[in-house]
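This is what each chain is made of:
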Amino acid sequence: MPATLGKRKRVTREELASPSSGSQESGGEDLRALFRRAFEAKFKPVDIEPVKKKSRQVEVEEEDEEEDSDWSGISSEDADGVEVVEHAGTRWDNNDKASKAETRAFMSAKPPTLSASATPKPAAKPADDAIEISHLKNDVELQSLLRESTLLSTHAPTYSTRTSAAPTRSKLTDAHLQSLGAKSSIFAQKKMPMSHRKGIEAKGMLREGKRRAEAKENGIVLEREKKERKVVGKRERGIGGPNVGRFKGGTLTLSRKDVASITRDGGGGGRGRGKGKRGKR
Amino acid sequence: MADENIQKPLQFEGHRHLTTRLLLATLTGRPIRISKIRPSSTRPGLTPYETNFIRLLDSITNGAQIQFSMTGTTLVYRPGLITGSAEGLGAMGGVVRHEIPKECSRRGVSWWLIPLALLAPFSKGAVNVVLHGEGCITAATTAGDVSVDTVRTAILPLYKNFGIERNIELRVLKRSCAPSQGRGAGGEVQLVFGHQVRLPKTLHLMNKGRVKRIRGVAYAVGVSGSNNQRMIETARGVLNKFVPDTYIFSDVSSASLIPTYSKTEPNSKTKGAVGFGLSLVAESSTNCLYSADVASPPQGGTTPEDIGKQCAYQLLEKISHGGCVEVTAADTILMLMAMGTEDVGRVCLGREVLGSESVVQLGRDVRVFTGVAWGFRGKGGDDEEDEIVVSVVGRGVGNVGRKIG
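These protein sequence lines are chains X and C, in that order. Heads up: the first sequence at position 271 corresponds to 271 in full-length UniProt numbering, and the numbers run straight through without jumps. Heads up: the second sequence at position 244 corresponds to 244 in full-length UniProt numbering, and the numbers run straight through without jumps.
Hints are computed from structural coordinates only; laboratory data are not their basis. Predicted model only: the values in this text are computed from it and were never measured. Take every hint as true, because none was put in to throw you off.
Straight-line Cα separation of at most 25 Å, BS3-like style, residue types lysine-lysine; simulated pairs:
hint	chain 1	residue 1	chain 2	residue 2
1	C	K271	C	K102
2	X	K198	X	K230
3	X	K230	X	K203
4	C	K212	C	K379
5	C	K102	C	K269
6	X	K226	X	K210
7	C	K201	C	K160
8	X	K110	X	K97
9	X	K100	X	K110
10	X	K171	X	K137
11	C	K212	X	K100
12	C	K212	X	K97
13	X	K216	X	K227
14	X	K110	C	K212
15	C	K124	X	K110
16	X	K97	C	K241
17	X	K203	X	K171
18	X	K226	X	K198
19	C	K201	X	K110
20	C	K160	X	K110
21	X	K190	X	K226
Derived CB-CB ranges, DEER-like:
hint	chain 1	residue 1	chain 2	residue 2	range
22	X	F35	C	Q299	46 to 56 Å
23	X	A101	C	Q361	35 to 45 Å
24	C	N167	X	L180	34 to 44 Å
25	X	G204	C	R166	41 to 51 Å
26	X	R256	C	T71	47 to 57 Å
27	C	V400	X	L254	37 to 47 Å
28	X	R256	C	M206	53 to 63 Å
29	X	R147	C	N167	45 to 55 Å
Even for Gly, the Cβ is constructed at its ideal location relative to N, Cα and C.
Required output: the full structure, derived from the provided sequences and hints.
If you want it as structure tokens, here you go:
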């Protein structure tokens, strides 16, 4: 078999059938001869009779040929006609996708920051640590207990009320919900006369103002005041009014916002400009 | 009017190194006169892409004077102030849109971009330029221009060494490859350079470190994305043996459509040039960058495997040249050093890089413009590598516009 580099020949049946094919044998013979010559160059020649090969395999091949001779479809040359030609030497699986962060770092418009993408991988936590789990559980218990302690002290002396007395229980639920992020208390009354609501709000404001004033006098720094912004929705317009701007006294007045909205849409600026705007932010 | 302090222009000859000379003239404020521009050629004078670059220079500066001779073989350039994309001086909405027409398609857009990025830190305001048109080739070209990806990943990060790092972006809005004869490319690139400095910091880059990772971008424009995979696979086959941390990103885009402006069919468009290419960047442990860039030729006929292998070998060759700066980035680094603080900066260059024609001529030109020559000495380390330390004294003037404004 001639040595063909880069091509993988199909193994024929004959080669598979014979335990040691002729070519391998001859190669082995050559090697042995080479080694022997090298050995003999250094030391004395050794008298070893070359091991006789069994001549059985020749017979086998002859038999095969006889069997094949009946069928004259494809010659044996064509049997290994499929040649696999590989251009690339080795294959790298492309399954290992780059992480999203790395793609963003390298493929965005910005020049990639030097050696930034060496992000430390989050260490795997030993999740099945029983002690840790129990600690966490106790922690949660303690937190809830602390939260509820104010209720306990004012309303009922013993801890058993936690499950029995209804008002306390709902208060506990309320506290729990608020700690989980509820928007308002479940006790917040939805409906009430307007005057009551106003009164309650006014009183609340007064109390808050008093607290702040006192704190200021005493030099205590309080949390920052939350300013509530009035949400101005879209005003209902009458029929026949203009789609854009204000029509008053026979003149249509366009605000700067209106103008911007018109020019931005109508210009049809195109892709490039839109992208430019996005990046500028 | 300004005759009282008119400077005599510096004299140069020949068409070579036109961009570096124009850059040095603009940065130092010295007028230049370049004569004998291709005097014996059948097409004497400046080429379309050279005049186009002068146009770009004109649009981001204010008060520049440019004079050509009748045949175009002589050019007199009196630089103005680098204003960047200031409103009212050619910029629309803070963006200068610069068209590169079809005649200029012999050079890649990096030929415009690299000098433009060099001017940008010394500008008065932010530089925001969109380069577009039928001659705008974002891929690497056979003329030796690198691709836009290499500019972004291998040249722009180097500005960080000089303290210029904020607000720099290079967006590839439309990709394109080198077109065959008589066809358009139709790419579009936007350079945003919003970090202006008075003086770049002094650079001391002596240790090149060892290459720790290789990144790259494989781009296919208007052809199948499988070309990218084939390029990536071959390139990784070569490079993974040396650096296991090798990853090449793939970017597939369609060919851009160029309007034909014909009277019979006003809405007809033709496809821009198609092709594929690979840009590789190797980063060392001391943040030195080496890049390689190969793209398919306009006439086609090369397999992606060839491109991938060629690019990988090119990268290995660049790394083997040694030094902290490779040849495509050497001009940028050395020019920024020459424009830096009045202090001696040092950079270690490989012998091959320093001996390249562009670097040698840059050294001579810098001496003509600033009157200060560079110093060379062997690195003299224990390792027997051919590296030379170049000491560059900064000019110490820096950004004139920033100083006043």
